[in-house]
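Colleague: Taken in sequence, the protein lines are chains A and B.
Sequential numbering from 800 applies to the first sequence in the working numbering.
Sequential numbering from 800 applies to the second sequence in the working numbering.
Worth flagging that the hints you see were computed from the coordinates, not collected in a lab.
Just to be clear, a hint being listed does not mean it is correct.
Which copy? The list can't say, so a pair holds if one copy fits it or any two copies do.
Distance condition first, Cα-Cα at most 27 Å in a straight line; then the derived DSS-like pairs of lysine-lysine [claimed, not checked]:
hint, residue 1, residue 2
1, Lys1061, Lys1079
2, Lys1219, Lys820
3, Lys1291, Lys1482
4, Lys1313, Lys1363
5, Lys1435, Lys1061
6, Lys1252, Lys1079
7, Lys822, Lys1160
8, Lys1019, Lys917
9, Lys1219, Lys822
10, Lys919, Lys888
11, Lys1219, Lys1161
12, Lys803, Lys846
13, Lys1342, Lys1192
14, Lys1486, Lys1019
15, Lys912, Lys804
16, Lys1349, Lys1313
17, Lys1413, Lys1484
18, Lys1384, Lys1482
19, Lys1384, Lys1342
20, Lys1079, Lys1228
21, Lys1291, Lys1383
22, Lys1428, Lys1413
No experiment lies behind these values; they were computed from the predicted model shown.
2 protein chains.
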Amino acid sequence: MSFKKFFCPDSIAVIGAARYKGKVGRTIFDNIIDSGYRGRVFPVNPKAGDIGGHRCYSSILDIDQNIQLAVIVIPAEYIPEALEECAEKGVEFIIIISSGFKETGVEGARREKGIIEKAKYCNIRILGPNCLGMMDTGCPVNATFSSNMPFRGRISFISQSGALLTSVLDWAGASKIGFSKVVSLGNKSDISENDLFEAWIDDENTDVITAYIEGITAGKDFIRAASRVSKEKPVIIIKSGNTDAGARAVSSHTGTLAGSNKAYDAAFKQTGIIRAKDIKELFNYSIAFSYQPLPRGRNIAVITNAGGPGIMATDECENRGIRLAGFTVETIDRLKGFLPAAANIYNPVDVLGDALSERYKKALETVMADKNVDAVLVLLTPQAMTEDLETAKAIAEVVEKNGNKVPVMTSFMGINEVRKGIDYLTKKKIPNFEIPEDAIETLSVMMDYYEWKLEKFQPVVEFDVDEEKVKKVFGRCIDAGRLELCELEARKILEAYRIPVPRAEVAEDIAEAKEEAERIGYPVVLKIVSPNILHKTDVGGIKIGVNDEKELEESFDQIMINVKRYMPEANISGVLVQEMVRDKKETIIGISEDPQFGHVIMFGLGGIYVEVLKDVAFRIVPINRKMAKEMVSEIKTIRLLEGTRGEEPSDIESIIDILLRTSQLVTDFPEIIEMDINPLFVKRKGKGSIAGDARIRIGG
Amino acid sequence: MSFKKFFCPDSIAVIGAARYKGKVGRTIFDNIIDSGYRGRVFPVNPKAGDIGGHRCYSSILDIDQNIQLAVIVIPAEYIPEALEECAEKGVEFIIIISSGFKETGVEGARREKGIIEKAKYCNIRILGPNCLGMMDTGCPVNATFSSNMPFRGRISFISQSGALLTSVLDWAGASKIGFSKVVSLGNKSDISENDLFEAWIDDENTDVITAYIEGITAGKDFIRAASRVSKEKPVIIIKSGNTDAGARAVSSHTGTLAGSNKAYDAAFKQTGIIRAKDIKELFNYSIAFSYQPLPRGRNIAVITNAGGPGIMATDECENRGIRLAGFTVETIDRLKGFLPAAANIYNPVDVLGDALSERYKKALETVMADKNVDAVLVLLTPQAMTEDLETAKAIAEVVEKNGNKVPVMTSFMGINEVRKGIDYLTKKKIPNFEIPEDAIETLSVMMDYYEWKLEKFQPVVEFDVDEEKVKKVFGRCIDAGRLELCELEARKILEAYRIPVPRAEVAEDIAEAKEEAERIGYPVVLKIVSPNILHKTDVGGIKIGVNDEKELEESFDQIMINVKRYMPEANISGVLVQEMVRDKKETIIGISEDPQFGHVIMFGLGGIYVEVLKDVAFRIVPINRKMAKEMVSEIKTIRLLEGTRGEEPSDIESIIDILLRTSQLVTDFPEIIEMDINPLFVKRKGKGSIAGDARIRIGG
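Kindly generate the complete structure, drawing on both the sequences and the hints.
Modeller: What follows is the structure in structure tokens.
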């Protein structure tokens, strides 16, 4: 939907506008006026005649003009009535500044729910409650109670913490960073980051979307909105409340249920969201994305007037997978032509401590003309002869002449002695970083984003499967009052989705078992079959590596004896005679349910790799082939599957196939709340994979 | 040695003091005078009558007074002569500012070497050449060509990059951070960080030692000096040139050979050095260590006026292994007593957005009085009613009253709206951080350092070993013209140092082999013995798991056939019949030689853990028991040795013992340049470890 009437309405009513300066209701009214808002603004307050020279209305209904946006600043208990009047008036958007809702406990939450339901019914969208409001520098309008309206810029910011927003506005103002739109979500009862993502895809004043978020409530909507918007514009998010302790603080703070950090990481990764770990990163990234073009490759040139910072930049390049560009012969020749003999003409280019602006300028021109250079970082330390301002001017001139082909960043290292230079760079939209490491890190994020943007959208493939069979199995389980499937049932589910399982048949006695084993081929595995026994190993109900008839007889008897001893009451249907998969690696595919995002799919190598090293990859379901591929290549132990120490490679393609089928299964059957294929035996390349065992649990 | 006459000499001669303003020789002279230096300073320049009103001398020998420090600023080729005059004059310290030495190539390196040799002979210590000079704010004296003398403070700084030093001084000045001594090492031809560490152990004006270092030349001296000083004062170092690409940049920059990053990490870890990854971390750590007491535990209290930043701090606590203190009942009661009902009285304490300074003050007093609190972080976002300056004053007052018992840090988040508060905090030496995360990270570093300081010094134990035996084996190898020991020789070396090896005997024929196998007990391992065959597997010279006489006969024959086929010329001494170690885990102990630090010892689990996961720990030799223990517990796969999934724990004590013996071996015999005990079989707890095989290579 369009948020035009929200961000730049023709008319605004401030319900609860106050007579006295310093009161929130007055501050907001004044801020709207002071921001240069060109529409009409109406104070509503039954007790006041006029406010700041504007005629005051006792009800929004008294205003003889359409109202597109209402800002409400009255005590919580009067809001339902105000809402009804707004509905009658035909208002489409309301900002509720007032607190006294979900954040205060059960009673407040009930009140909030009532208001939101009524608003939905009346087709009114609500920002808040318990928020700071909204600013749009393009309109312009400042509908918040912070008088700190930012400069006009092309970054939009969403904050789930009002206090943090005030800090960010202060930083931005002092650092001369502009914003386009700023939104305080408050309790996020209706308008959420997802709505704003959608609204800002086409917003011509927004180039970069940033957000501070404590919890996401509508995970699936987030995935959908984020995937779409991030292909158009970079979206940079701080998600706090990541750790267990942090998550507790979140729930005591806003009542939002914080999802597991792993699920957030997966969701961000697969939707192309850029995750900033703190406010400083958020600023660094936003400025760079907003000011400079994307680098079209991972090769950078570094120009410096001192060795030390050049080394620091080089170190960080290696950490971040960025290459120092190899210059062409022409570049080298040109650099040789004007640099002193002691200078380093290779990358990093050391223009030496006595470099004036002219030398910097020529060096920058030269490396920017090199086709091997995808981005440039210019470092400057304030030495005796250094010209910080002149050098900044020279850089800006070259950048301008090059018409934004290649991103250029700087790190003028210092404060007082480089202040003029930095201020000039900021004015010319060349991002300057306190230290070279931050510039390199930011460039690496831009490079990743460029690659993400290039990737074509890949739909989720739908395999031909037998859904009816699954429905039947689930139906029978539920009828029998069971929510955890037994092994044979789980096998059927896998078969229905064409996930290979070992050959196996149930035998009722030794004679039958022998026949089956003969047919399957020794060695075989024997497993007790009983709806009462879920943990077969615990009762001695499994024998692995049964090599011949004699061993089969012994093992069969032994299993029966064990089971009768440990679970004399168990209802035994027989013994499963199963193919023994050899020449394989053990992996695991798992499904769990995340409160925010729904099904999460996991992949890793089995045994200690999962248990001790926790070397696993996650994605939110459904996944496409690209995501499945990334899951497999993301784990550190991938080299064990690729073949190491002369071993043959494993059949990674078949893992990807089974990941996709598992994703489809739980998408088709959301009632599955937990599932493990453990072990998933992976054979040699071209030989496929086989689900050794599976556990499936469905919701009650 | 004492550096008193270096940092605060009674008299200084500036050799090469220049008449004209702007020349380096003049700037240094002026800086010494302008810094308020209270000793006498003499310009030396044969071409000038007076400089800045001071009588100028044509030679240092003309000065009729003792000279304790000479600063030389003349062209490189005249320095040898000046040095001789200094020697004659009895000067003890010289700072050579001039460049034209190692940094320019072979010729310059030769010149530098000549000067240093002469200086050593004359008992003169040299700083530089090619450096910025030295400052001491306590003396005070500024013997550099930077006029940016810092405030007086208690942090001393060493820099191997002059340009970086100018940036640091600019940052420090603008941020009002004081320094005690500042030294630019330049080419570090004589005076190095090690000398300064030693000198500053007892320096009453230095509380915190910081350094930017590109390479360490005297690794063993560094280990010795760093271990000593870091027990007295925190030492914080940025080491750049860490990565392969970075290392290349270093060698083209200062000609210093950069050591491997792993070796540096190990050296820093075992000497208690705090490694900062960039300049920002260096500043954050130095300020905190210099301004606040060490936390005596890992429990912190957080006070905040907004939920968001509290969550960020909590997240970072979890990342850094810091606990949010559980308050005592009294604390909770007291907080309840004065905080509004909506406030959070548990940790983080949320004093709410309308908190004035008084509420902050009471909250801080209350949590500081709690015995469960080891450190406090106060967060402030600039909201409508927030009093930044008054709150800063309140915090400072409480801190002062508490007499530096518990460290207190702040994060006033913003710029303009919290500037007065931050400035006041800085004045009162309460470290303020831009974002909460940085404060928490810094606290965690202080907590680690506190633990390091508490640890008693542990000497390296000396086991009773048979050095003579090792000498004999090495002697025979060298006589035979071999530098790589054969298996039987390596066994002897291990035996001499009481490192257990499997029982084994050489058999010359099948009959003997049978006898040996009988004595050792089946199964056994058979290995070809030949001085010409180092890679036994490659020629089919090994059989593992030989179970009985029949298999032994077949295997023996097979080995002989294989060897004759692949290496018909090999001189065969027989077949080693070796005990087969069962019921074990495979680990590796390795020794390599680092150009800076000498022998480095490595430990890890064998096979893929080393090769794929690179899960290994390093230390510089010699190691003590504590370091050996840390090596074992440092690897991620330690849980596999501790026993997981119902397995019994392995004999970790025996690994530690063998690590110590290996360390002693290579310390006693520095000619060992490479050694691997691979595999080291580790048996169950109490059962010991056995070196399955060993490779030893000695230097030529």
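Colleague: Treating 27 Å as the Cα threshold, decide for Lys1079 and Lys1228: within, between, both or neither.
Modeller: both (18 Å within a copy, 24 Å between copies)
Colleague: Within, between, both or neither: how does the pair Lys1219, Lys1161 come out at a Cα-Cα threshold of 27 Å?
Modeller: For Lys1219 and Lys1161, only the intra-copy Cα distance (21 Å) is at most 27 Å; the inter-copy one is 43 Å.
Colleague: When Cα atoms must be at most 27 Å apart, do Lys1313 and Lys1363 count as within-copy, between-copy, both, or neither?
Modeller: Within one copy only: 21 Å inside, 48 Å across.
Colleague: How would you classify Lys1486 and Lys1019 at a CA-CA limit of 27 Å: within, between, both, or neither?
Modeller: neither (36 Å within a copy, 55 Å between copies)
Colleague: Is it within, between, both, or neither for Lys912 and Lys804, if the alpha carbons may be no more than 27 Å apart?
Modeller: within (24 Å within a copy, 77 Å between copies)
Colleague: When no copy is specified for Lys803 and Lys846, does a C-alpha distance of 27 Å or less occur within a copy, between copies, both, or neither?
Modeller: neither (32 Å within a copy, 78 Å between copies)
Colleague: Can you give me the call for Lys1349 and Lys1313, within, between, both or neither, at a CA distance of at most 27 Å?
Modeller: within (10 Å within a copy, 34 Å between copies)
Colleague: Using 27 Å as the alpha carbon limit, work out where Lys1428 and Lys1413 are close: within a copy, between copies, both or neither.
Modeller: both (19 Å within a copy, 24 Å between copies)
Colleague: From the Cα coordinates, with 27 Å as the cut-off, is the pair Lys1342 and Lys1192 best called within, between, both, or neither?
Modeller: neither (78 Å within a copy, 74 Å between copies)
Colleague: For the identical chains here, do Lys1384 and Lys1342 meet the 27 Å Cα criterion within one copy, between copies, both, or neither?
Modeller: Result: close both inside a copy and across copies, 20 Å intra and 26 Å inter.
Colleague: If the cut is 27 Å between Cα atoms, do Lys1061 and Lys1079 qualify within a copy, between copies, both or neither?
Modeller: within (23 Å within a copy, 29 Å between copies)
Colleague: For Lys1384 and Lys1482, with the copy left unspecified, which applies at a CA distance of at most 27 Å: within, between, both, or neither?
Modeller: both (7 Å within a copy, 26 Å between copies)
Violated hints, listed in ascending order, are 12, 13 and 14; each of the other numbered hints is respected by the structure.
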